[in-house]
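Protein chains in written order, with this note's numbering: chain D, 17 to 299; chain Z, 41 to 415; chain P, 1301 to 1607; chain W, -12 to 348; chain V, -12 to 348.
These are computed hints drawn from the structure, not numbers from a lab. Every residue, glycine too, gets a C-beta built ideally from N, C-alpha and C. There's no promise every hint is true.
Sample of chain P residues lacking proximity to chain V, with all beta carbon distances greater than 12 Å (derived) [claimed, not checked]:
no., residue
1, Pro1330
2, Leu1338
3, Ser1365
4, Leu1448
5, Phe1540
Label pairs and their computed distance ranges (CB to CB) [said to hold, decoys possible]:
no., chain 1, residue 1, chain 2, residue 2, range
6, V, Gly116, W, Glu211, 52 to 60 Å
7, W, Leu62, V, Asp(-1), 36 to 44 Å
8, V, Gly116, P, Arg1414, 47 to 55 Å
9, Z, Glu80, P, Val1336, 47 to 55 Å
10, Z, Arg406, P, Val1462, 26 to 34 Å
11, P, Leu1396, Z, Glu80, 52 to 60 Å
12, W, Pro63, P, Leu1396, 37 to 45 Å
13, P, Gln1352, Z, Pro377, 54 to 62 Å
14, W, Pro209, V, Glu143, 23 to 31 Å
15, P, Arg1414, W, Ala111, 37 to 45 Å
16, P, Phe1413, D, His154, 20 to 28 Å
17, P, Val1344, D, Leu46, 45 to 53 Å
18, V, Asp15, W, Ala283, 45 to 53 Å
19, P, Val1462, W, Ala120, 41 to 49 Å
Here are the simulated lysine-lysine pairs, DSBU-like style, with alpha carbons at most 35 Å apart [stated by the list, open to error]:
no., chain 1, residue 1, chain 2, residue 2
20, W, Lys203, W, Lys121
21, Z, Lys297, Z, Lys204
22, D, Lys152, Z, Lys91
23, W, Lys247, D, Lys188
24, D, Lys124, P, Lys1389
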Amino acid sequence: MSTAIMTERRRLALRPGAWLVWGAVVFFLLILAGVVGAVVVDSFGTRWFSGWLPSGWTSRWYGTTWREFDLGNVLVVTLEVALAVVVVSLVVGVPAAYALARRTFPGKRVLMVAFMLPILIPPITYGVPLATVLYKFHLAGKLSGVILANLVPAVPFVILVMTPFIEQIDPKIESAARMCGARTRVIFTRILGPLLIPGMLAAAVLILVRTVGMFELTFLTAGSDSQTLVVALYYSVSAAGIRAQQEIDAMAVIYTLFMLVLLVVALRFVNPTQLVTQIKERD
Amino acid sequence: GGGAKDLTPANVPDSPKNPVTLNIIDVAGNLQLTKGMIDEFVKSHPKVIKKVTYTNATAPELPGKIKAQQSAGQVQIGLVLTGTDALSAGIDQNLWVKTDDYASRLGNPNYQAPAQKMQELAEGHGVEVVYYPSGPLIEYNPKTVSKPPATAEELLAWAKAHPKKFQYARPANSGPGRTFLMGLPYILGDSNPKDPKAGWSKTWSYLQELTKYVDYYPSKTSETMSNLANGSADIIATTTGWDINPRALGQVPAGDKVAYLKGMHWVTDAQYAVVPRGVSADVLSADLQLIKWMLTPQQQAKAYDDGYFYPGPAVNGVTVQMAPQKSQQVIQQFGRPEYDQWIPKFPTETSLPAKEQVAAFDQWDRTVGSGKVKK
Amino acid sequence: MAAPATAGRIALRHRLADRGMDRTLLLLVPAVVFIVALFIYPFVYGLQLSFQPQPGSETVQRYGSGPFADYHAFFADSYLRNTIWTTLKLSLPAGLFNVIASVPIAYRMRGRFRGKRTITTILVVPITLGTVLTAEGLLAFMGPTGWLNRLLLDVGIVDHPVRFTHNYWGVLFSLIISGFPFAFLLTLSYLSGIDPTLERAAATMGAGWWQRFRFITLPLLAPGLAITFCLTFVLAFSVFPSAVMVGDPSGTTRVISIAAFHAAFEQYDYSMASAIAMIMGAVELIVVGLVLGWRATLYRGATGGKG
Amino acid sequence: MTGSKISELRLDHVSRGFGEVLALDGLDLTIEGGEFVALLGPSGCGKSTALNCLAGLLPLTNGSITLDGRRIDTLPPEQRGFGMVFQNYALFPHMSVRANIGFGLKMAKVAKADARRRVEEAVALVQLGDHAAKFPGQLSGGQQQRVAIARAIVMEPALVLMDEPLSNLDAKLRLEMRTEIKRIHQTLGLTTVYVTHDQEEALSLADRLVLLREGKVQQVGPPETVYTEPANRFVAGFMGYRNELELPVSPGSGTTAGDKTVVLGELTGTRREDLGETAVAAIRPEDFTVGDGPNAMEVDVEVVEFQGREQAVQARTAGGDELHLRVQARLAPGDRVTVSVPPERVLVFAADSPAAPEEVA
Amino acid sequence: MTGSKISELRLDHVSRGFGEVLALDGLDLTIEGGEFVALLGPSGCGKSTALNCLAGLLPLTNGSITLDGRRIDTLPPEQRGFGMVFQNYALFPHMSVRANIGFGLKMAKVAKADARRRVEEAVALVQLGDHAAKFPGQLSGGQQQRVAIARAIVMEPALVLMDEPLSNLDAKLRLEMRTEIKRIHQTLGLTTVYVTHDQEEALSLADRLVLLREGKVQQVGPPETVYTEPANRFVAGFMGYRNELELPVSPGSGTTAGDKTVVLGELTGTRREDLGETAVAAIRPEDFTVGDGPNAMEVDVEVVEFQGREQAVQARTAGGDELHLRVQARLAPGDRVTVSVPPERVLVFAADSPAAPEEVA
Ligand SMILES: Nc1ncnc2c1ncn2[C@@H]1O[C@H](COP(=O)(O)OP(=O)(O)OP(=O)(O)O)[C@@H](O)[C@H]1O
Ligand SMILES: Nc1ncnc2c1ncn2[C@@H]1O[C@H](COP(=O)(O)OP(=O)(O)OP(=O)(O)O)[C@@H](O)[C@H]1O
Ligand SMILES: [Mg+2]
Ligand SMILES: [Mg+2]
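Next comes chain D alone, as it looks inside the complex (with noise of 0.2 Å):
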């Protein structure tokens, strides 16, 4: 055992290489520590004009935020279109990554632009008519109309993700799968499902950043109780009127604290490395 920790440090001290990477590292995380720390020590601040740090602490603007925009309740909204959004676009999209990164076909090509444009094509263009449709359908203005709005860019985001993680799988896998007679809906929940976790979750992770920044499309198919945090975010950033700046990074605070646990809890279920192959990474 020692001597495979002593290779282990020497081939650490023998390499500025290694140094270079976790220095860069530690100083990306330092200005990360003096941006969130900057935000956070303000919205508990009572006044900071200058001087390191404010001159006395409350938690009030929190208060204030949390009723102004009836943050509880936007929270469970955020959190259901999310994870909807997130579920959906997987289960769709998924077995057209599958299809994508498998098979060759005529076509492909127009295909795959067709998947790139609602990503590349700010929603300014299409937001409206989109919510017109929904509109029509009387889709939206509620739940359905904002998990529908966005899952339009979250679709082929996944899809455009996930083709790469399938790439990497050896078919042979699913060949054997087959020949035990899986069908290609086993296949999916049970093979490619949890060789695909790693790419899942960094695509499910994006999408739901994504899904809940996303704030043009929500707005426009929200209705008064379908509201998603940064509806309430933007508005108490951008919208005229004058607001406490403690009040607003309450509210960045708060959407943080959202997303991090959220993300947390991703991170919990599934370690984005934690993978098959590191049983074959012995040390």
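Using the hints, position chains Z, P, W and V with the ligands against chain D.
Using the frame of chain D, we list chains Z, P, W and V with the ligands on its own:
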């Protein structure tokens, strides 16, 4: 709005058949002033409105949302509280109910004279609910600025002597910023203060000169406020509301002072209640009753608020003493007695119509903000 | 009679399967239906809108009401035209930096060591910040009296506050803070699919860590990196809130989405906004197309990690 | 042939190309229920391709497959109900040994208790009791291969396809597993198609051998026939006739078609094909005996390799031809000895008969 | 031993554990430059682990490795300069056959032209000329294995580690590749450590055999010694002494330690260990001959398998023991025959000698 079926006064009942649920969307921060009025109305008129929901949103995206609902024949927003921007965008795109058709039901609001002028901007498609004279004013830190500039020229000279210490926010994103922009033509005596393209030559050359000594243009008014507070700026542009409220909120030291520039005209501002076309007759009927209620002096007094839109009421005969206790306290502590002199003293001008405003912002972006001017 | 027909049909099926057309393609159906139902119509609507200049708008006054008037207006006006370049100048470096920086860090995170999970989580956390907190944080932290400038002043490195925000760098910082974790998460996951045995094999052939990385890991990772770059690039290209909040929205960071926003929500000239958005999409498509075209030339098969 | 679940599997002109090249070229084969067929052939001849086509994992380029009169070549693999041991195992990396083996049972919705019992039996069968909870990445090569075998046979499928299932096992275990496979085949009546590179395995297990060469069938027949009467020089070479001597046909020798005995130079052999002027005599190393006898010749011993009870000897004839011998007598390099081989063990093929893959220089 | 680049490689008590279990347990071995050492042992006994430790791919849990007096166990693999054929090939999926083979040369910065030539030679050597431009995913199992071999030997490293390099090749090609490996080993003086499950391969290639069992060395010695004088019952079983008869030692028989000849019941054999009251007689199937002779016994033939020139026969003695025979005589199930075996071919071990892995039921 293709799908929106038009109502006529004849088929809108005086009072809704059934109490309605009213979805109110506020894109101007107006609820801070009017929520109390509305809540009281709902409480006292359960037969008209059984429930009210509030949504806050940013103004730019609002017309799109209403358009989508109208095209689908599914208008879910019952009432919109807005500033001049979305108001005029909606007028252009024919989104709003023509409230003038229902003038009889609204009674005759006893607007103050400058507020009456602001109401005209609505072109009959909305009802002004709050009003304030706005600015342009300058706010300064008395510790570093012993004698505030009194004229535009002095301001320029001061900026030159104290580079990076004068600040105003990008007009497109800031009330005080745009008020400063719209107020300058009056102060500088430009040929046509209502025509930014052709009539503002003095203003534009003044701003281009001034920009040499301006470090940068924040994208939010509150940032100019914090810069004033933390000492990285010593003079900033402001308005009455932006002077009182941030000091009340503790964003700016309470001791900071305001001044005006010689030749000052108030460039007034107001907020409106508008009704999207396509709402049901019941909702429209409830809206009309509500708006009428909001324009009564007792209710208008609530608009004093924390000085956010100081003074706030659009109608005559509303005094601070009628305002809620808390309001009175804040105004007492952070308000400025000089405003009571200044407000009647200077001429009032309506702010530019939205189209011209946008053109002015665009021009400002291109010629002042773009940094093309060598510093 | 029937037999040859059946046989022919089956042979056809074999031939189609040979060209990649078999039942697997049915898996595309939900996604295609979805896109067609919810996206294609609105997109086509927007597209045709961009060919119908808004009557009475400045475009029409200047360039007539031909279908390409809005495009003409965009390219004729250098203030608008330059937004393409401004945006590329931000998004390409941001995309490249995020991908390039995440590779060595992710590469370091292979294998097992104590605290790995924590470090991973911490590195991914900024993804949760959102544009608003990032922007507010940058303004507060890097502002003239923020902690950073305070530190620099106290240590004596500078004697006037340095302006980090409201310029190109402010926006770039925010693109990195929000884009890096994104790229890192993807890279890390793509990396986990590569069989470590391959690197070991290379080691026995005398390849040092750099060569192993250069010749084995990187090529196998490249298809994933291409996608990662495309996504971070696209996110950076459509940057809006931070370009306004921490940038210099009238000057050095007047990105194309500000122009589109201006057209759509200030001038309410939806056809111009659509035209700008289409131009945006086209520019992105060119970059993404180039990258994906390059990707198509790479090896994209199993990397052993999962099989 | 007890209770086979299928009665006839027909392959008609089954072909499969990769790009331009046909990896499998018109394979015609009828397999009866319960039969054990071994595919043999040099590396890259299309054995795995044939199995994959049968399994439905590769679409055919041509031809058809019928099972009991029903065309199955368009059925997806999971609906054919066959089992397969993959050459590279293709274990599910995220499942334990037990879960890998039990996967098929789960798919077939076998009752839990029953499935558990069958899995444990299979685990014991392949002697992995100690490793049943491990993941494939934690197993040795041979252990992985055994999981693959267990996974295929635990299902008792109508047809099992095995692609070199024993290649990574040691001799002892291989013998045991071979016996096991034979036993299972017989008791369950599983029809089996088996790819192997181990002649002995093929000979001892199979009812019928199929010899492939570059995707084309060379000979089909029971092991004894193929072994003793290879159809052409290629098959002979592949079945262990390692020595090939090209010699002129003696004039007047064996002209009549029925005449099996041929004289080539000094050798007398058995004719297997129509001959031209020169012919090739193929002889197995182990058919030589040291000492005088029929077809005696003197050779110089050059290399001697110990191979247990026997020795592998490389020797050179007076004519300069290299000979491989396998003898029990203890020889040493430099010895000059006389070796002989019975004429019925010398097979004579036409010189242009399809040759075995070239020997390396 | 011509011009080996190393002169001595010492493994001292090399151990490697996975979790609690020691996969390799105190391996002591000294390999001389130019030597060809074969590791043998049942599946999962730690052969690949040993190679991985030698290559530097697995850190040791214990022990040390020294090369010519220099400790190398802490050196990273790329600095050891060894070549390795992986059991699962580990080909680079994104490189063509040619690029795979040339990778090491590129790393060693061999001049382009030279490298190209050497790659082409190696490609020809493993007979992959037609497939040199293909990618690993397009190759058959055997072809992949050949790429792995070529990739390791093209570098002509000081030490080559080969993990079952021929397991997926057909008999003919295997013989050829075996000859090639031997030739390269001899001409280049490469020191080789070779893992194989093929006894014949080990016997014919190796200078020395190392027998492993559950990570522990059982016997080290030249092939002939290990083959004819296995150190214990396990080695005997592994080296083909398939038949094990547990019999009581006849009283008074072979009491003196020097006395090799032992009588067990009716059998006379050669003693290999100190014995208790009962002992085990180990006999190879091929050491039996049909007909009367020493140690004659009557057996009933039960199963007969065709195996080419010989037959594998399963028979039962009068005492009910199962016997495996390998004979040339044509027997049929049901025959009752007399078989005999020379006493020097009957090895007698103590009953508690480490046994070969259990046979399956
Ligand atoms: N990563 C691992 N974790 C746990 N056990 C392992 C791991 N790798 C190998 N083992 C175990 O160590 C033992 C030795 O494995 P090794 O691969 O050395 O066997 P081997 O002798 O090469 O066998 P084979 O001939 O089957 O390839 C096996 O029992 C195996 O299950
Ligand atoms: N995907 C592919 N693309 C191109 N050629 C291929 C592909 N798969 C197989 N081949 C070629 O087809 C031929 C037959 O391959 P196959 O795997 O059937 O051989 P095999 O008989 O199983 O050989 P082995 O005994 O070495 O496993 C080989 O020459 C191989 O190179
Ligand atoms: Mg094969
Ligand atoms: Mg092994």
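Against the structure, the hints:
1. Pro1330: holds, 30 Å
2. Leu1338: holds, 38 Å
3. Ser1365: holds, 54 Å
4. Leu1448: Non-interface label on Leu1448/P holds, nearest chain V Cβ at 41 Å vs cutoff 12 Å.
5. Phe1540: Check passes; 39 Å lies beyond 12 Å.
6. Gly116/V - Glu211/W: 52 to 60 Å: Because 36 Å falls outside the window, the suggested range is violated.
7. Leu62/W - Asp(-1)/V: 36 to 44 Å: 59 Å Cβ-Cβ, so the 36 to 44 Å window is violated.
8. Gly116/V - Arg1414/P: 47 to 55 Å: holds, 51 Å
9. Glu80/Z - Val1336/P: 47 to 55 Å: holds, 50 Å
10. Arg406/Z - Val1462/P: 26 to 34 Å: Roughly 28 Å apart at Cβ, these two residues keep to the hinted range, so it holds.
11. Leu1396/P - Glu80/Z: 52 to 60 Å: Holds, since Leu1396/P and Glu80/Z (Cβ atoms, about 58 Å apart) stay within the stated range.
12. Pro63/W - Leu1396/P: 37 to 45 Å: 44 Å Cβ-Cβ, so the 37 to 45 Å window holds.
13. Gln1352/P - Pro377/Z: 54 to 62 Å: For Gln1352/P and Pro377/Z the Cβ distance comes to about 56 Å; the hint holds.
14. Pro209/W - Glu143/V: 23 to 31 Å: violated, 46 Å
15. Arg1414/P - Ala111/W: 37 to 45 Å: With a Cβ separation near 39 Å, Arg1414/P and Ala111/W satisfy 37 to 45 Å, so the hint holds.
16. Phe1413/P - His154/D: 20 to 28 Å: For His154/D against Phe1413/P, whose Cβ atoms are near 55 Å apart, the range 20 to 28 Å is violated.
17. Val1344/P - Leu46/D: 45 to 53 Å: holds, 49 Å
18. Asp15/V - Ala283/W: 45 to 53 Å: Once the Cβ atoms are compared, 51 Å apart, the range 45 to 53 Å for Ala283/W and Asp15/V holds.
19. Val1462/P - Ala120/W: 41 to 49 Å: violated, 60 Å
20. Lys203/W - Lys121/W: violated, 41 Å
21. Lys297/Z - Lys204/Z: holds, 19 Å
22. Lys152/D - Lys91/Z: holds, 25 Å
23. Lys247/W - Lys188/D: Violated, at roughly 49 Å.
24. Lys124/D - Lys1389/P: holds, 31 Å
The structure shown violates the earlier hints numbered 6, 7, 14, 16, 19, 20, 23.
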